[in-house]
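*Asks:* Residues per chain, in single letters:
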Amino acid sequence: MILPPPGLELASPWMNAAGSMGFVPDSRLPFPHPMGAFVTNPISRKPRTPAENRTCIPYPGGCLLHTGLPNPGLRAVLRQAGVRWARADVPVWVHLLADSPAELAEMVRALEGLEGVAALEVGIAPTANGEDALALASAALGELPVVVQIPFDRADEPWLDRLAALGVSGLTLGAPRGSMPVPDGRLVSGRLLGPGLFPQVLAAVRSARRINLPLIAGAGLFQQAHVEAVLAAGAAAVQLDAVLWRGWMEG
Amino acid sequence: MILPPPGLELASPWMNAAGSMGFVPDSRLPFPHPMGAFVTNPISRKPRTPAENRTCIPYPGGCLLHTGLPNPGLRAVLRQAGVRWARADVPVWVHLLADSPAELAEMVRALEGLEGVAALEVGIAPTANGEDALALASAALGELPVVVQIPFDRADEPWLDRLAALGVSGLTLGAPRGSMPVPDGRLVSGRLLGPGLFPQVLAAVRSARRINLPLIAGAGLFQQAHVEAVLAAGAAAVQLDAVLWRGWMEG
Amino acid sequence: MELNVELVELRLEGGLLAGRIHVPVPVQITAGQYFLAASGRPDEALAAVVFPAGNMDGWLDLAPPLPSAWSAGTLLHLRGPLGRGFRLPVVRRVALAALDGITARLRLLWNQALVQGAEVALFTRRIPASLPDAVEVLPLESLPDVSGWAEYLALDGTLPQVLEWKSRLAFPGVAAEALVNLPMPCGGMGECGVCSVRTRRGWKHACQDGPVFDLHELEAL
Amino acid sequence: MELNVELVELRLEGGLLAGRIHVPVPVQITAGQYFLAASGRPDEALAAVVFPAGNMDGWLDLAPPLPSAWSAGTLLHLRGPLGRGFRLPVVRRVALAALDGITARLRLLWNQALVQGAEVALFTRRIPASLPDAVEVLPLESLPDVSGWAEYLALDGTLPQVLEWKSRLAFPGVAAEALVNLPMPCGGMGECGVCSVRTRRGWKHACQDGPVFDLHELEAL
Ligand SMILES: Cc1cc2nc3c(=O)[nH]c(=O)nc-3n(C[C@H](O)[C@H](O)[C@H](O)COP(=O)(O)OP(=O)(O)OC[C@H]3O[C@@H](n4cnc5c(N)ncnc54)[C@H](O)[C@@H]3O)c2cc1C
Ligand SMILES: Cc1cc2nc3c(=O)[nH]c(=O)nc-3n(C[C@H](O)[C@H](O)[C@H](O)COP(=O)(O)OP(=O)(O)OC[C@H]3O[C@@H](n4cnc5c(N)ncnc54)[C@H](O)[C@@H]3O)c2cc1C
Ligand SMILES: Cc1cc2nc3c(=O)[nH]c(=O)nc-3n(C[C@H](O)[C@H](O)[C@H](O)COP(=O)(O)O)c2cc1C
Ligand SMILES: Cc1cc2nc3c(=O)[nH]c(=O)nc-3n(C[C@H](O)[C@H](O)[C@H](O)COP(=O)(O)O)c2cc1C
Ligand code: FES
Ligand code: FES
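Residue numbers (my numbering), protein chains in the order written: chain A, 1 to 251; chain B, 1001 to 1251; chain C, 2001 to 2221; chain D, 3001 to 3221.
Don't take every hint at face value.
Only pairs whose alpha carbons sit at most 20 Å apart, straight line, appear in this in silico DMTMM-like list of lysine to aspartate or glutamate [what the hints assert, rightly or not]:
| no. | chain 1 | residue 1 | chain 2 | residue 2 |
| --- | --- | --- | --- | --- |
| 1 | C | 2166 | C | 2214 |
| 2 | B | 1046 | B | 1112 |
| 3 | C | 2204 | A | 52 |
| 4 | D | 3204 | B | 1052 |
| 5 | D | 3166 | D | 3219 |
| 6 | D | 3166 | D | 3151 |
The hints are simulated quantities; they were obtained by calculation from the structure and are not laboratory data.
Take the sequences, apply the hints, and build the full model.
*Replies:* Okay, structure coming up:
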């Protein structure tokens, strides 16, 4: 396991995935203690409204969640949550969603120096190729450690090997995307959540060990044994998602 | 949908995935008629014994199958199956497994001119990067149409865009790989099969439409509706796997 | 509140699974509130949204449909009651409409209306098996006719159903609410937003601000 | 043979699910043969390997363990009987050993032995609930002691269990077979090879060449 760089040490490997616990850490939430870090919901520069065809569709082993990643935009989040991040007893990682490096750099500047913010997690848009993603990661670099989040099914892509040299501090292997037909015949696309993803995220962790970065396994973990397996396979930390909403599974 | 090139027209979009129906087409098998093509189990130049830790592990939405792809080697397969391929009332696609371009070229020469063999499907090893895979595909080109098979989670990789210009005739989006812990604490890796893969294979078909090749959706299809959805999304054909062993699912 | 309970009874109601659990402590539930119920089963990635259909003597009836994989003896982890329920005013004439044919989610509400001494009209395409005599059942298509009669109207259905019926009804001045039945996977914990509903006061989350909304406040998708 | 049947009865046997189905036509089954049984449930990617534990008057008993999601009324698509079963010779003294504690897969075999007039000794760590009086139950650990007594020996367990016991037993000249219980997802249809077993005559597929093998032929993993 590759250890996190200075400034990014975790009190425990337990984290939540962006989108699973809202914008503000809440000590009443059902989370293993101590929590390594709290990751905010994805935040964009401008407000994002819910997707028109937002939905949650179960399938064997998981569900497809399409929301459009609604959020009130960075300025409003800071107004509502900034003080509570500063007061939180857990380091806050702010998850950022950006369409361009310039937009991202602007958001990063607004976050630097904020009390309580320990790191930035940068989500890579599904349409971004390796060069786009590297440009985004570079734009995020500044005073705060930067962790890049990709869907775990991109863990084999060669551009990831260049993240460490750029100065990125970690890589989150997050939920993959999928599509499902809806009754009107159209397709809906979104993140996949569920225990059926576990064999794939475990394989992705193994594959990503080649990358010289601490890895965070961030999808498909629904049993304590899942967490133990990805940590044993080399992940430095885990991010839980829907298991926080439903509770641990048997077995 | 991109139509298959001359020589590769299918009587129907229904095929089986390599590894699902053995080495010889059998008219008693529970297959929709007419069958577009019969795909053989993976065949290597030399015999391959079963993997030492061969296993089949169920998980929610699917199962991990690790066999080591045992087969008696091309020479023995031709001895046992060659005549029956020639007599079959369905075009036979021979699935080839090779560690190097030279080995593959040798196998291809042995298959050219054989009656009944309509195409070659070339499996890409999990460890092969894009350049390795392109070299393998090139080595397979000759008299027979060549279809390249990749795990569907590689559908976004940029090298795939170069397959059409090489002269490859189609792309199969097959089973992805995963890992699971086994009781002794080690991990086992293998192909994933099951209906829980459907949202991912559907997304992979959509993503792979950018590639100027006929696409074959070859994993996660367990309901008739799954087949309809991937065909509507642009697949030219489907390959069924474990659904042939268990029968269609409800819904 | 968090509860670990056993599903002690299952039965079919209109072809759908309904159930019953025993709750060790009295639970204060408002009609229209819901629970998130997770079984330990590894094939259920999400907790199910479950509405109570009865709450008496330590028994809680669960409205259909329940997940078809549940059976008697299934252990459930329950979180709730969650959300905002109906706010039934003290009126004499109450109209309820099951837009999707399932009346069980409205049962606590009609019981409350009867206790308050109101006349109750239930509009539905499917007549429920057991119903108090005092509840008058009417075909859903005749719902627009009650506009002069009802002093309170409650709709129950999917968001498109609720919005479509809202556009066909005219109840100026009548108190009207709607239980909007949509996916609520996180119950607000994640602010995931999949349950977002557009209202005159902006975007609301059905899981916390609903699932019951003032019908007049709801806006088109 | 392909059959669509309903699981009419389920019960616990030693804490594991066992079941019963009705088969419309008489089925010729050899002890040790199996069925692939698929439910329509979308959470079961593969058919389950199911061994018969009784076959009388149109009823087929299914040995435990059955998938825990199955319930009475579950519809099953059955393919079988598949594979090669036990070849019980006509002898006087038969020893059977349930290496994994589940005796039900051996039930058809001991019935056959009793019909042939043999004495039957069953070696197991767990005593089964119902057993003909004529079957003598002995602790598994004493299995090596029967080497002078038994004229036929049948083992039942996983491949590692069978191989380990084989190495501890010496039965020169005694007919001995083993039911090797391992995953058989394709039942031979795909020649997937996951059920491969090494024998003196080369690699064999348990799904077709077994799951019962001559114990003397089995070789180490
Ligand atoms: C204003 C706006 C509205 C959109 N609405 C839709 C829509 O309704 N339907 C649709 O199919 N697509 C939409 N898109 C395209 C969008 O990129 C994603 O498809 C959308 O975020 C889907 O959300 P989801 O819930 O499916 O989560 P996913 O897209 O699956 O999100 C998973 C992760 O991917 C990352 N990510 C996703 N999108 C972006 C992004 N744009 N930039 C950086 N990181 C990202 C985040 O880290 C996120 O945690 C929209 C884009 C914009 C800018
Ligand atoms: C003789 C030999 C034995 C091996 N045994 C093992 C083993 O026991 N355990 C292990 O983890 N790995 C092993 N490997 C490595 C091997 O590449 C795969 O891991 C092995 O094929 C696993 O089989 P599987 O049943 O898991 O199927 P998968 O590997 O998941 O096969 C899926 C598809 O990938 C393609 N594919 C897989 N492997 C290759 C390949 N080598 N070349 C070309 N295409 C390929 C095929 O098209 C196949 O249909 C072995 C390799 C060799 C050469
Ligand atoms: C930049 C961008 C903005 C989008 N904004 C919205 C939006 O506000 N609401 C919405 O429902 N879909 C939005 N979409 C999604 C598109 O309508 C479409 O569903 C999506 O691009 C999927 O395309 P595909 O079929 O090629 O995968 C947006 C897409 C992009 C690329
Ligand atoms: C060329 C090659 C040949 C292999 N041959 C075998 C084999 O015959 N039997 C076997 O069990 N594993 C074989 N393996 C698998 C390895 O033992 C090991 O399990 C596999 O490489 C997984 O490595 P990983 O943990 O880095 O993913 C082979 C691997 C490679 C690369
Ligand atoms: S269910 Fe997630 S915000 Fe309402
Ligand atoms: S189960 Fe597939 S070959 Fe035996």
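*Asks:* Against this structure, judge whether each hint is valid.
*Replies:* Outcome of the hint check:
A threshold of 20 Å between alpha carbons decides the hint, and for residue 2166 (chain C) with residue 2214 (chain C) the separation of about 11 Å falls inside it, so the pair holds. Between residue 1046 (chain B) and residue 1112 (chain B), the direct Cα distance comes to roughly 18 Å. Compliance with the 20 Å bound is thereby established for this hinted pair. Taking the CA atoms of residue 2204 (chain C) and residue 52 (chain A), the gap is near 14 Å; set against the 20 Å cutoff, the hint holds. Distance restraint check for residue 3204 (chain D) and residue 1052 (chain B): the Cα-Cα separation of roughly 14 Å lies within the 20 Å cut-off, and the hinted pair is therefore satisfied.
For the suggested pair residue 3166 (chain D) and residue 3219 (chain D), the alpha carbons sit about 10 Å apart, so the restraint of at most 20 Å is met. For the given pair, residue 3166 (chain D) sits about 16 Å from residue 3151 (chain D) by alpha-carbon distance, which is consistent with the 20 Å threshold.
Consistency note: the structure conflicts with none of the earlier hints.
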